[in-house]
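There are 2 protein chains.
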Amino acid sequence: MTDSAAPRTVAFLGLGVMGFPMAGHLAKAGHAVTVYNRTTAKAEAWAARHGGKHAGTPAEAAQGADVVFMCVGNDDDVRQVAGDALRGMKPGAILADHTTASAEVAREMAAKAAERGIAFLDAPVSGGQAGAENGVLTVMVGGDPAAFATAEPLMRAYGRSVVLMGDSGAGQLTKMVNQICIAGLVQALAEGMSFAQKAGLDAHKVVDVISKGAAQSWQMENRAKTMLDDKFDFGFAVDWMRKDLSICLNEARRNGATLPVTALVDQFYADVQKLGGGRWDTSSLMKRLGR
Amino acid sequence: MTDSAAPRTVAFLGLGVMGFPMAGHLAKAGHAVTVYNRTTAKAEAWAARHGGKHAGTPAEAAQGADVVFMCVGNDDDVRQVAGDALRGMKPGAILADHTTASAEVAREMAAKAAERGIAFLDAPVSGGQAGAENGVLTVMVGGDPAAFATAEPLMRAYGRSVVLMGDSGAGQLTKMVNQICIAGLVQALAEGMSFAQKAGLDAHKVVDVISKGAAQSWQMENRAKTMLDDKFDFGFAVDWMRKDLSICLNEARRNGATLPVTALVDQFYADVQKLGGGRWDTSSLMKRLGR
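First to last, the sequence lines map onto chains H and B.
Using the working numbering, the first residue of the first sequence is number 149, and each one after it goes up by one.
Using the working numbering, the first residue of the second sequence is number 149, and each one after it goes up by one.
A couple of the hints might just be wrong.
Copies of the same chain look alike in the list, so a pair counts if it works inside one copy or between any two.
Mimicking SDA-like on lysine to any residue, the simulated pairs with C-alpha atoms at most 25 angstroms apart in a straight line are [as the list claims (entries may be wrong)]:
hint: 1; residue 1: Lys238; residue 2: Leu397
hint: 2; residue 1: Lys353; residue 2: Asp292
hint: 3; residue 1: Lys373; residue 2: Ser359
hint: 4; residue 1: Lys201; residue 2: Trp388
hint: 5; residue 1: Lys379; residue 2: Gln228
hint: 6; residue 1: Lys260; residue 2: Asp214
hint: 7; residue 1: Lys360; residue 2: Gly383
hint: 8; residue 1: Lys201; residue 2: Glu300
hint: 9; residue 1: Lys201; residue 2: Gln364
hint: 10; residue 1: Lys346; residue 2: Glu263
hint: 11; residue 1: Lys391; residue 2: Gln211
hint: 12; residue 1: Lys346; residue 2: Arg402
hint: 13; residue 1: Lys201; residue 2: Arg427
hint: 14; residue 1: Lys346; residue 2: Asn222
hint: 15; residue 1: Lys238; residue 2: Glu300
hint: 16; residue 1: Lys379; residue 2: Ala196
hint: 17; residue 1: Lys346; residue 2: Ser394
hint: 18; residue 1: Lys373; residue 2: Gly265
hint: 19; residue 1: Lys201; residue 2: Lys391
hint: 20; residue 1: Lys260; residue 2: Asp232
hint: 21; residue 1: Lys391; residue 2: Ala193
hint: 22; residue 1: Lys422; residue 2: Gly404
hint: 23; residue 1: Lys260; residue 2: Lys373
hint: 24; residue 1: Lys360; residue 2: Ala385
hint: 25; residue 1: Lys176; residue 2: Gly199
hint: 26; residue 1: Lys176; residue 2: Asp377
No lab work stands behind these hints, which were simulated from the structure alone.
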């Protein structure tokens, strides 16, 4: 995607729907990429497609890498994969974690990495699978400015916006703000769309009209019509949103923020899970309101 | 603002922060405007500025008008002002109501008007005081298509988007969807901004970053930074929002829509009123969360 970063030896750990294309963009940018994935078949498929190498463990993949990237599931995965990677990494290297996780685990990993002379960056992303595939993610980073300066040009391979937000944990905290703003917004949109249908309006036309004014949002422009058409088999899954909201609500307990609507919407997502919608897009809040 | 509409004899009833500039745009577009306002001094000031006439009652202002526009406070005001105006209006004329009111009162006025051979259009607007002053309002209309075809070119004097949404009441119902989508959205934004501050982030920078993605909204782009700066002495007042949400919640009782977050945010606005914030902008939901 970019040729502005000098070729580096890097590793990418975790080839899910996000990591697979992100690692691909690094390879296309000319970096020497070694990948690791818990399920080996995916790592083999990636290496076959992109001509890179794959390794059997995080530590093995990380050996000799200037920068190690990772994108895994949750806090426990981060502890396990980062812990193993650090054992293989050389002093002076950088470990950048794209997982959406707690600020606590980010600070914990940063401390662990520092003991070995390694810099840890928490670097969660937004933009979803499409953003990863098209290389237009937003990357919110916390950690050491010098490490950021080294890693940032590489992250540009898949990030349209790559921003240092502060010390370790600040990337995760910024991602939390993002998810808090989305949760209540999507519920409000669902209530509006459900009301429009119950009121007998041409709801598609309503969206065209009100999206020109103060009710406008990315969600309205990109999700309202699929909500009205009862299409939810795409996008960002309810199960992942609940994981993220749990991180937000736990952090709010620590910092004293009051999140009444976020907490309520998290409960609504539990309803959606009970409807069998764990893998539906977050806009499926519409499903529990009815039409 | 526009010269596409043939000059007409019109009346404008209600010269509040919206009606005053809207009537002004009609005069500037070349129409012969007679205004009425409950407080006469405002009508005199308007006539002095725009060179139009002013009348002592709605019926008097409406006499001989092809189209009578009105923009007043609530359902009771609509009943009183429209009722009086209809007594002065000629058969074949059109009464267009820009008040945000119930769909019920719109249907009631449409029936009353029809008895006298007059068409009633419910035509609430969005875009606020700035939209009215700059002539860029969105006008959501319910009623007879032929009456809409006559009134629409005139409404273009202050409306950037003027759309027929359906039968009598459909304009009001569309405006309700707009307010429902905004209520929960603004609360979500307030929770996000409050959390960002409690987390010790540079919240202005957070807004810059996350407004590029799925959390983006008109409210985030236009209200997040004023919320962070504790500025609420502008915009759309909490008292008016509560009036609008009361209309939404009553209509939902009728049509069976479930609006849990809208109902909750309405209660939060009651808290803001208790804080003395009835005239603060709706983004003042931030005030009850703390920083």
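- Item | Numbered hints the structure breaks, given as an ascending list | 1, 4, 5, 9, 10, 11, 13, 16, 18, 19, 21, 23 and 26
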